[in-house]
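Next come the chains, spelled out residue by residue.
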Amino acid sequence: MGKILVCDGNEAAAWGVARSKPDMVAVFPITPQSSLAEYISQFVADGVIKADLMDVEGEHSVLSVLQGACLAGARTYTASCGQGLAFMFEPYFRSAPLRLPLVMSIVTRDGITPQSVWGGQQDAMTVRETGWIHMYCETCQEILDTVIMAYRIAENRDVMLPVNVNHDGNYLSYGVEKVELPEEEEVDAFMGEKNTNWHVALDPDRPMGVDPLTGGAGGVGPSLFVSYRKGHCKGMQNALRVITEVHEEWGERFGRYYAPLVEEYRLDDADYAIVTIGSMSGAGKDAVDAAREEGEKVGLIKIKTFRPFPLQALRDALAKVKAVGVVDRSVSFAWNSGPVYQELLSALYFLDNRIPAVSFIGGLAGADITIDHFKRVIDTTARTLQGEVPSECIWLNEND
Amino acid sequence: MRQQARKPFDKSKIPQDLCPIATELSELKTGDWRAERPVVDRDKCVKCATCWLYCPTQCVEEKPTWFEAGLEICKGCGVCAQECPHQAIAMVEEVEE
Numbered sequence: 001m002g003k004i005l006v007c008d009g010n011e012a013a014a015w016g017v018a019r020s021k022p023d024m025v026a027v028f029p030i031t032p033q034s035s036l037a038e039y040i041s042q043f044v045a046d047g048v049i050k051a052d053l054m055d056v057e058g059e060h061s062v063l064s065v066l067q068g069a070c071l072a073g074a075r076t077y078t079a080s081c082g083q084g085l086a087f088m089f090e091p092y093f094r095s096a097p098l099r100l101p102l103v104m105s106i107v108t109r110d111g112i113t114p115q116s117v118w119g120g121q122q123d124a125m126t127v128r129e130t131g132w133i134h135m136y137c138e139t140c141q142e143i144l145d146t147v148i149m150a151y152r153i154a155e156n157r158d159v160m161l162p163v164n165v166n167h168d169g170n171y172l173s174y175g176v177e178k179v180e181l182p183e184e185e186e187v188d189a190f191m192g193e194k195n196t197n198w199h200v201a202l203d204p205d206r207p208m209g210v211d212p213l214t215g216g217a218g219g220v221g222p223s224l225f226v227s228y229r230k231g232h233c234k235g236m237q238n239a240l241r242v243i244t245e246v247h248e249e250w251g252e253r254f255g256r257y258y259a260p261l262v263e264e265y266r267l268d269d270a271d272y273a274i275v276t277i278g279s280m281s282g283a284g285k286d287a288v289d290a291a292r293e294e295g296e297k298v299g300l301i302k303i304k305t306f307r308p309f310p311l312q313a314l315r316d317a318l319a320k321v322k323a324v325g326v327v328d329r330s331v332s333f334a335w336n337s338g339p340v341y342q343e344l345l346s347a348l349y350f351l352d353n354r355i356p357a358v359s360f361i362g363g364l365a366g367a368d369i370t371i372d373h374f375k376r377v378i379d380t381t382a383r384t385l386q387g388e389v390p391s392e393c394i395w396l397n398e399n400d
Numbered sequence: 401m402r403q404q405a406r407k408p409f410d411k412s413k414i415p416q417d418l419c420p421i422a423t424e425l426s427e428l429k430t431g432d433w434r435a436e437r438p439v440v441d442r443d444k445c446v447k448c449a450t451c452w453l454y455c456p457t458q459c460v461e462e463k464p465t466w467f468e469a470g471l472e473i474c475k476g477c478g479v480c481a482q483e484c485p486h487q488a489i490a491m492v493e494e495v496e497e
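Just so you know, the protein sequences line up as chains A and B, in that order.
Its first residue numbered 1, the first sequence is counted upward by one per residue in this note's numbering.
Its first residue numbered 401, the second sequence is counted upward by one per residue in this note's numbering.
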């Protein structure tokens, strides 16, 4: 049994970093990640994190520095969000195809413009197609545990990909909960021997060209390029297995079992389900419990891993219900709906029967998604079973 | 940063499709893709060194009474011919022999 802390999600993430024992960290503050950057700095100053802290002039440099450290064999950590993530994009996009096992928290925040410093998942969802692994947390405890697990996933030889551990700005970043801090020795045993970046390890005795020109018409360039892309996709698919195995081992060692890919809540005898991602899931589960007391046969599906997309797990969950309502905390401008909804539609293609699916968008720019909002989600989804299927996305906070 | 213990590198364990890291280096000189070469008219050249100053690849070499581009490195950009105050340099198309 570890020590019990009362802390917010940003501090929980920092404790997860402390237990993971990185060699180098670099952070640049940006709301709502700022206090996480401050906790990391304080922990390094106090010797709680025995890593080099690099103070750099912006997020582009943050990730560039960490790429270099990672290439040299270091375990690294950073956190960002919103505009910081936008400024970081150039090295961010390069990290995954270089197969660097970086771990980074995105304290999710809504997109600018309109000017907003509040929660929303627009930032993380916007970078969903960059080849990083994306996991979304529901509680402060899950943040701490997932940050540690992320290293085991990222550094696995069959994966070798950077991992984003995402937690909702405001609701998790500043929401205070009881959190158990696992014992250092137990985490050390879980982590095993550190062996990061075994494929590179910049070494003066072994000259190398990192990221040489690969492509162009003629020659072997394009086929080499394809082989790297296919290898990257294979690593993503392997990650589905590794994420599951690592979560199982975590449960066995620490007694906290999380659904690694997709959580099914009261789904087995459900007629229909709502789908959630991130911190909203708690209110969603409460609303499901309340509806159950009134005889509604409703369940909940929570997405934890969004990248790689958990097709099989989601398909298995969706096969149990006759209708589904999806709540997004960000917008897919292309589809007049939410990104989770849009991708869930792709999973529905693999089902034998077509079922109605409704898109809801809520919690933008720091808005709360309350139990009352979820009641509306549940009622609307239930009515689709009688043929009342809304033709457009429903914006939950529109009339708050 | 603390020194990391490093095991001997064994590339046989690295999948070929992992990521673009080249460990077998081959030589590619900037002169290999030149389309035109600068040819100096030694009668016109006054050794003013303007070409030497402007050359982006710094391949211009000093000779007894003239300057001349090193053709292993010269990529044929033509800056020297453009800048030469005595029009002593002509760009001549490279042809396959």
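Just so you know, these hints were derived from the structure itself, not from any lab.
It is possible that part of the hints are untrue.
Said to hold, decoys possible - For the chain A half of the interface with chain B, some residues (derived, Cβ under 10 Å), not all of them: (1) 48; (2) 178; (3) 198; (4) 206; (5) 234; (6) 236; (7) 240; (8) 241; (9) 395.
Claimed, not checked - For each label pair, taking beta carbons as the anchor points, the in silico distance ranges come out as: (10) A/221 - B/494: 17 to 27 Å; (11) A/342 - B/494: 45 to 55 Å; (12) B/492 - A/221: 42 to 52 Å; (13) A/209 - B/482: 52 to 62 Å; (14) A/158 - B/429: 50 to 60 Å; (15) B/490 - A/195: 35 to 45 Å.
As the list claims (entries may be wrong) - Taking lysine to any residue and the SDA-like style, the derived pairs with C-alpha atoms no more than 20 Å apart in a straight line are: (16) A/234 - B/417; (17) A/3 - A/190; (18) A/194 - A/72; (19) A/3 - A/72; (20) B/429 - A/234; (21) B/411 - A/3; (22) B/411 - A/48; (23) B/411 - A/216; (24) A/194 - A/156; (25) B/429 - A/216; (26) B/413 - A/216; (27) A/230 - B/429; (28) A/322 - B/429; (29) A/194 - B/413; (30) B/413 - A/3.
All C-beta atoms in this analysis are idealised placements derived from N, C-alpha and C, irrespective of residue type, glycine included.
Worksheet entry | Distance restraint between residue 429 of chain B and residue 234 of chain A, which requires alpha-carbon spacing of 20 Å or less | Distance ~36 Å between residue 429 of chain B and residue 234 of chain A Cα, so the pair is violated.
Worksheet item: Would you say the C-beta atoms of residue 221 of chain A and residue 494 of chain B sit inside 17 to 27 Å of each other?
Response: holds (23 Å)
Worksheet item: CB of residue 492 of chain B to CB of residue 221 of chain A, is that within 42 to 52 Å?
Response: Cβ of residue 492 of chain B to Cβ of residue 221 of chain A: about 30 Å, so the range 42 to 52 Å is violated.
Worksheet item: Does the structure keep residue 194 of chain A and residue 72 of chain A at a Cα separation of 20 Å or less?
Response: With a Cα-Cα distance of about 13 Å, the restraint between residue 194 of chain A and residue 72 of chain A holds, given a limit of 20 Å.
Worksheet item: Has the hinted range 45 to 55 Å been met by the Cβ atoms of residue 342 of chain A and residue 494 of chain B?
Response: holds (54 Å)
Worksheet item: How about residue 241 of chain A: closest beta carbon in chain B under 10 Å, or not?
Response: At about 16 Å, which exceeds the 10 Å cut-off, the nearest Cβ of chain B leaves the hint on residue 241 of chain A violated.
Practice prompt. Below or equal to 20 Å on CA atoms is what counts here, so check residue 413 of chain B against residue 3 of chain A.
Written response: At roughly 41 Å apart (the allowed maximum being 20 Å), residue 3 of chain A and residue 413 of chain B break the hint.
Fill in: 20 Å limit on alpha-carbon distance, applied to hinted pair residue 411 of chain B and residue 48 of chain A
Violated: residue 411 of chain B and residue 48 of chain A sit about 36 Å apart, past 20 Å.
Item to complete: Hold the hint about residue 395 of chain A up to the distance rule: shortest CB distance to chain B must be less than 10 Å.
Response: violated (42 Å)
Worksheet item: Hint check: is the beta carbon of residue 234 of chain A less than 10 Å from a beta carbon of chain B?
Response: With Cβ-Cβ at 7 Å, under 10 Å, it holds.
Worksheet item: Taken at face value, is the distance from the CA of residue 413 of chain B to the CA of residue 194 of chain A at most 20 Å?
Response: holds (17 Å)
Practice prompt. Would you check whether residue 206 of chain A satisfies its interface hint, that is, whether its CB is within less than 10 Å of any CB in chain B?
Written response: Since chain B brings a Cβ to about 6 Å from residue 206 of chain A, closer than 10 Å, the hint holds.
Going down the numbered hints, you'll see the structure goes against 1, 2, 6, 7, 8, 9, 12, 13, 14, 15, 19, 20, 21, 22, 23, 26, 27, 28 and 30, while the others check out.
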